[in-house]
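Undergrad: In this note's numbering, the protein residues as written are 1 to 159.
Just so you know, the hints here were simulated from the structure itself, not pulled from any lab data. For each residue, glycine too, the CB sits at the ideal point set by N, CA and C. Do not rely on the hints blindly, as some may be mistaken.
Distance ranges between label pairs, derived from CB positions [stated by the list, open to error]:
no.: 1; residue 1: E29; residue 2: G58; range: 13 to 23 Å
no.: 2; residue 1: A4; residue 2: G124; range: 36 to 46 Å
no.: 3; residue 1: A4; residue 2: L86; range: 23 to 33 Å
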Amino acid sequence: MSGAAAGRAREADLEAVLAANRALYEALERGDLEAVEDAWLGAADADDKGGVVCVHPGWPVLRGRAQVTRSYMLIMMNTEYIQFFLTDVEAELHGDVALVTCTENILSGGEAEEEGELGPLVGGKVVSTNLFRRTPAGWKLWSHHGSPVLTSGDEDDGD
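Please build the complete structure, drawing on both the sequences and the hints.
TA: What follows is the structure, given as structure tokens:
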């Protein structure tokens, strides 16, 4: 393959990875659990017990499609609405693996708790690292790791 053809193939792969990343967040916004499941590696592409990994802030590490899917289902069931405004989206290709990093600016809400506190998942900023693997069906999510972005008011510095 010539250098120009390799460059075009690389650009097409990057666009496909970014499209797969967007599809995940759009499925979450729609509450489409089937589309969320479809974004992840399937059993044919990864060991179901440890092949996919998901880490959400404050949750234990989730391994395998069943645990990961259950976590997204719980999020969708306990959130009246959710929107993601992705910023600082970067994608890198490493052979058949793609790394996508972005900031999730989350607007979401759930039921108010008894004492007037805001409900679960009421938004904020999360820095996400999404690893995708190339499969015959396209780029599929292999690992998602979200880390909250701390603001100056979030830190307990003892002052």
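Undergrad: Out of the numbered hints, which ones does the structure contradict?
TA: Hint check: nothing fails, all pass.
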